[in-house]
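Same order as they appear, the protein sequences are chains A and B. Count the first sequence with the numbering used here and you get residues 174 to 368, in order. Count the second sequence with the numbering used here and you get residues 151 to 424, in order.
In short, the hints are calculated from the structure, not lab data. Among the clues, some could well be false.
[As the list claims (entries may be wrong)] Selected chain A positions facing chain B (Cβ under 10 Å, derived; list incomplete): (1) 291; (2) 299; (3) 302; (4) 306; (5) 350; (6) 360.
We treat Cβ as the ideally placed atom computed from N, Cα and C, and that holds for glycine.
Chain residues, written in single-letter form:
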Amino acid sequence: MACPESLCDLVTKIEILGIGCAKCKRLFRSAKRKISIVAIAVFVFFTIILLMASVFSSKIQSQLILLIPVLFILLVIPVALNYMSRSQYADLEPVYEAEAKTVRVKLINENMIGKPVRIEGVVEQVYFQFLNRPQYLIADRSGEISVKMFTNPTEDIKVNDVVEAIGKVIHRYIVSGDPVINCVSIKKLKKTEDL
Amino acid sequence: MSVDTTKKAETMNRMLEYAVPLLGFMGVFIGIGLLTLHAAIDVRISIIGCLLSSFVLAYLAWIRPKKDIVALSTPIYSIIFLGFPLDDVSTVVLDVLYAASLTFLLVRLRNRFGASGALVKDKTELAEPIKSYLEKNRETLVSAGPESAHSAAKVFVRFAQGDFLAAAGAAESAIARMNNASTLCCLHNAFAIVQEQAERLDKSVPQPERFRTFPPEDVGVLAKIADPKANKAEMYDTALENALILIFACAWTASEKDRPHLLQFQTFVLKLLD
Numbered sequence: 174m175a176c177p178e179s180l181c182d183l184v185t186k187i188e189i190l191g192i193g194c195a196k197c198k199r200l201f202r203s204a205k206r207k208i209s210i211v212a213i214a215v216f217v218f219f220t221i222i223l224l225m226a227s228v229f230s231s232k233i234q235s236q237l238i239l240l241i242p243v244l245f246i247l248l249v250i251p252v253a254l255n256y257m258s259r260s261q262y263a264d265l266e267p268v269y270e271a272e273a274k275t276v277r278v279k280l281i282n283e284n285m286i287g288k289p290v291r292i293e294g295v296v297e298q299v300y301f302q303f304l305n306r307p308q309y310l311i312a313d314r315s316g317e318i319s320v321k322m323f324t325n326p327t328e329d330i331k332v333n334d335v336v337e338a339i340g341k342v343i344h345r346y347i348v349s350g351d352p353v354i355n356c357v358s359i360k361k362l363k364k365t366e367d368l
Numbered sequence: 151m152s153v154d155t156t157k158k159a160e161t162m163n164r165m166l167e168y169a170v171p172l173l174g175f176m177g178v179f180i181g182i183g184l185l186t187l188h189a190a191i192d193v194r195i196s197i198i199g200c201l202l203s204s205f206v207l208a209y210l211a212w213i214r215p216k217k218d219i220v221a222l223s224t225p226i227y228s229i230i231f232l233g234f235p236l237d238d239v240s241t242v243v244l245d246v247l248y249a250a251s252l253t254f255l256l257v258r259l260r261n262r263f264g265a266s267g268a269l270v271k272d273k274t275e276l277a278e279p280i281k282s283y284l285e286k287n288r289e290t291l292v293s294a295g296p297e298s299a300h301s302a303a304k305v306f307v308r309f310a311q312g313d314f315l316a317a318a319g320a321a322e323s324a325i326a327r328m329n330n331a332s333t334l335c336c337l338h339n340a341f342a343i344v345q346e347q348a349e350r351l352d353k354s355v356p357q358p359e360r361f362r363t364f365p366p367e368d369v370g371v372l373a374k375i376a377d378p379k380a381n382k383a384e385m386y387d388t389a390l391e392n393a394l395i396l397i398f399a400c401a402w403t404a405s406e407k408d409r410p411h412l413l414q415f416q417t418f419v420l421k422l423l424d
């Protein structure tokens, strides 16, 4: 998906010059990549509506000076929310990395709700990536589990990627349902040994 | 779960599944009847058929281990339909569409969300694969004695809850107590395997080159027989799974006071047995 060129330039400069802390770089990298398709669709939809309305109504034409900024707010708010949630997750990452225990998928059960865990496995399915709230089905040699992420990840994770996911065990539907992982961090692993 | 209880649950679920389209379309027919006969009764009363149908569908979704959020939320729509009355013809059309949707959701629930929870989960008895395993090894497991069995319950519960360090500690103390009493050898091995692997899990250390497994004389009491051609990783996993199942079985058989607590962990045991 295309992003504002200025943002691309800024991220490239940060990367080339090596300035900014690791968290800044991660945040910039994820902001560069992710503007939800839904946010774009909403923006496009209302732009079309506004254009059509302004053609047929002189009242609307006179209000364009107010309506056009409002239209852009529809893009700015999701980006800002995305940045804020990503920032929160970036703060949580080191905490979870320190506390999480590496477990096999089969050992994760409903009695472990609330425990931070780390799993390594192959991504079998990716859902809802277009909403910036991706859900992965990750499998290791012992089984498979859903890994839900409530923000966009710092890396583009695709099917068949070997990844390490860190997060907390939660119920699928808050108070009931099978255990799933509320993911704080998901990273591609270089290694390719049998999982 | 006894055979009778399972049969009753099966019959009950089947009846409830039939009730979903029956109630929905019964409402439709009542609506059409009232509309064509120009009866003095309000046609909107026919929505009650779909309302009841949606509650039955939501119940069927609720008792499944894997929940279907769409089926669970259908009563909300019924209440909304009741709260926003339409004219008579629109009510009947809405009835038809809603009853058809509920029927479609029932088919989807059956195909995508598996058997009902009532058939696979019982709050008072162990599920079938665990029960058979326990019955097969009852005589061996009873000889563990109540003290070792209670220790087994502690080890299992802590491990299942993800408290690996506590589980390793509990397994270590159980082994120390068993050495004095010189009891069940396979249980001793199970504790040793859990202790070793729980310590590694707590430190997030990868699988070692050499690790504990059950000796060949314990094969008779194990739930899973490792494939001789299996790689080391599989053997490592199978050793832990067998150890945990054996510890659970021992705790269940020889420590009756721990049974209510252990019942909460049977889903995990089923997963290990899978």
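Original post:
Given residue 350 (chain A) was flagged as interface, is its beta-carbon under 10 Å from a beta-carbon of chain B?
Top reply: Interface hint status for residue 350 (chain A): holds (5 Å vs cutoff 10 Å).
Original post:
Holds or violated: is the Cβ of residue 299 (chain A) closer than 10 Å to a Cβ in chain B?
Top reply: 19 Å, violated
Original post:
Should the hint that residue 291 (chain A) touches chain B count as held when the rule is a Cβ pair under 10 Å?
Top reply: 7 Å, holds
Subject >> Cut-off 10 Å, beta-carbon criterion: hint that residue 302 (chain A) touches chain B >> reply: Violated - the Cβ of residue 302 (chain A) stays beyond 10 Å from chain B, reaching only about 20 Å at its closest.
**OP:** Hold the hint about residue 360 (chain A) up to the distance rule: shortest CB distance to chain B must be less than 10 Å.
**Re:** It is violated, given that the least Cβ distance between residue 360 (chain A) and chain B is near 15 Å, above 10 Å.
Original post:
Once the shortest beta carbon distance from residue 306 (chain A) to chain B is found, is it less than 10 Å?
Top reply: 15 Å, violated
Consistency note: the structure conflicts with the earlier hints numbered 2, 3, 4 and 6.
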